[in-house]
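There are 2 protein chains.
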Amino acid sequence: MPRWDPNAEDRLRDAALELFLERGYENVTVAEITERAGLTRRSFSRYFADKRDVLFAGSDRLPADLARSVRAADDTLPPFEALLAALVDAAGALTDQAPLAAQRRAVVRASPELQERGRTKFAAATEAVADALRDRGCAASEATLLAEAGVAVFRTALERWTDRPDDADLPTRIRQAAAELATHLATVNPATLLHP
Amino acid sequence: MPRWDPNAEDRLRDAALELFLERGYENVTVAEITERAGLTRRSFSRYFADKRDVLFAGSDRLPADLARSVRAADDTLPPFEALLAALVDAAGALTDQAPLAAQRRAVVRASPELQERGRTKFAAATEAVADALRDRGCAASEATLLAEAGVAVFRTALERWTDRPDDADLPTRIRQAAAELATHLATVNPATLLHP
Chain A
1 MPRWDPNAED
11 RLRDAALELF
21 LERGYENVTV
31 AEITERAGLT
41 RRSFSRYFAD
51 KRDVLFAGSD
61 RLPADLARSV
71 RAADDTLPPF
81 EALLAALVDA
91 AGALTDQAPL
101 AAQRRAVVRA
111 SPELQERGRT
121 KFAAATEAVA
131 DALRDRGCAA
141 SEATLLAEAG
151 VAVFRTALER
161 WTDRPDDADL
171 PTRIRQAAAE
181 LATHLATVNP
191 ATLLHP
Chain B
1 MPRWDPNAED
11 RLRDAALELF
21 LERGYENVTV
31 AEITERAGLT
41 RRSFSRYFAD
51 KRDVLFAGSD
61 RLPADLARSV
71 RAADDTLPPF
81 EALLAALVDA
91 AGALTDQAPL
101 AAQRRAVVRA
111 SPELQERGRT
121 KFAAATEAVA
131 DALRDRGCAA
141 SEATLLAEAG
151 VAVFRTALER
161 WTDRPDDADL
171 PTRIRQAAAE
181 LATHLATVNP
191 ATLLHP
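These protein sequence lines map, in sequence, to chains A and B.
By the count of UniProt numbering, the first sequence reaches residue 196 at its end, each step adding exactly one.
By the count of UniProt numbering, the second sequence reaches residue 196 at its end, each step adding exactly one.
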C-alpha cells in the first residue's frame, strides 16, 4: 500500500460530498468518509481537521485574501472599484471549482448548522474587507456598508456561477452583479431621499 | 405586593441590560436579572422565553414586518424603492428606542454567541424580503442581491442612529445610507465591467 496518494485529498472530499448529499451532513461520520474513499483516518487528518473542514477548507482564507487585495488595489481607484477588483482577484482561486462549489452549496443549504457557519464565514470576510477599506481612507460605517454590498455581490455571483457555470465565468458574474445593483440603486428617487 | 406591575417588562429589560454590560452576557442568570429588577421568575416568564429573548424580542417580528411592507408598497415603485419604503416603515416601530438599541448592540458585540444570533436574525430578514421582492416580479437571484443590499443599508443606518440618535432620525439615516451606496456604486466604471 502506498504511503502517499497524490489524489487523497480529492478522493476524501469527493467521498465526503457524496455521503453528505446521500445521507445528510449530520448523519455522516469521518469513518464512513474514509471507508468510502478507501483511505485511512490518518490520511483524513493530514488534510482536514474534521468533517466540517472538508466543506470550508478553502474559504477560510477568503477574508485575508480579500483584505490583502483591497489594500493592494491601485491607489487611484474609488473604494467600491478597489473592492470589486479584490473580489475578481479572489474569484481567480476558484476557477474550475464550479461543480465542487455547487455540491458544497447543496450540502450547506440542507443543514442549519452549516448555514450558520457559512454566515460566520461571510461575516468574517465582510469585516476584513471593511478594515481594509478603512485603511484606504473610508469612514468607519461607510466601509462596513460598502463591504456588505461587495460581499452580497460576491455571494450572488458565486450562486449564479455554480448554478450555470457555462454561461459566464465568475469574474464576469461579479461585474454583472455589481452593475445590476448599481442600476437598481440608481432608480432610487433622490427627491424621496431628501424630502420624505 | 401587587400582582401586576405595568412597568415590569421595562424593569426586567433594564436590569438585564445593566447586568449583561457589567458582567458579560454569558455570566448572567435569569435569577440575577429578576433579583436586580425586584421581580419574580414568574414575572420574567410572562414577558420573555429566556435571557436571550430580552435582547431579541422585538426584532423577531422584523422579517415578517419587512416582507409585508415590501408586498404592500405601491405597484409602480421599482423594486429597490419598494424595499426602501419597507425599511422606512420598519424604522417607525423603533422610534425612541435608540438608547435601548445602543445598549443592546454593546452587549451583542461582546458575545460571539449573540453575534451569531444577530446574523441569523438579519439572514431571516434578508430571506423574507427576497421572497417578497420575487412576488413583485424580481428574478430569484436579483431579489436576493437587492435584499442583501437593503438589509446592509438598514444595519448601517441602525448603527449610525444608535451611535448618534440626535443627529438624524432612523428613516433619514436609511435614506442617507441608500443614497451613499448608490453614489459609490455609480463610480464603478462600466468599461471595466464590460471589458475586464
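Take these hints with a grain of salt, some might be off.
What follows is a list of derived Cβ distance ranges for each label pair [what the hints assert, rightly or not]:
id, chain 1, residue 1, chain 2, residue 2, range
1, B, Glu-32, A, Thr-183, 19 to 25 Å
2, B, Thr-95, A, Asp-53, 41 to 47 Å
3, A, Ala-57, B, Glu-127, 22 to 28 Å
4, B, Arg-164, A, Pro-99, 45 to 51 Å
5, B, Ala-106, A, Pro-78, 46 to 52 Å
6, A, Glu-22, B, Arg-42, 31 to 37 Å
7, B, Ala-106, A, Arg-61, 30 to 36 Å
8, A, Lys-121, B, Asp-166, 34 to 40 Å
9, B, Ala-93, A, Gly-38, 54 to 60 Å
10, A, Lys-121, B, Ala-186, 25 to 31 Å
11, B, Arg-117, A, Arg-68, 46 to 52 Å
To give a feel for the contact side, a few chain B residues facing chain A, derived at Cβ under 8 Å [as the list claims (entries may be wrong)]:
id, residue
12, Thr-76
13, Glu-116
14, Ala-124
15, Ala-128
16, Ala-149
If you want the footprint, here are the derived chain B segments under chain A, 3+ residues with CB under 8 Å [as the list claims (entries may be wrong)]:
id, stretch
17, 78-92
18, 137-144
19, 180-188
These are computed hints drawn from the structure, not numbers from a lab.
Since the structure is predicted, the reported quantities are computational estimates derived from the model, not experimental observations.
Quick reminder that beta carbons are idealized off the backbone N, C-alpha and C, glycines included.
Hint check, failures only: The structure conflicts with hints 1, 5, 6, 11, 12, 14, 15, although it agrees with all the remaining ones.
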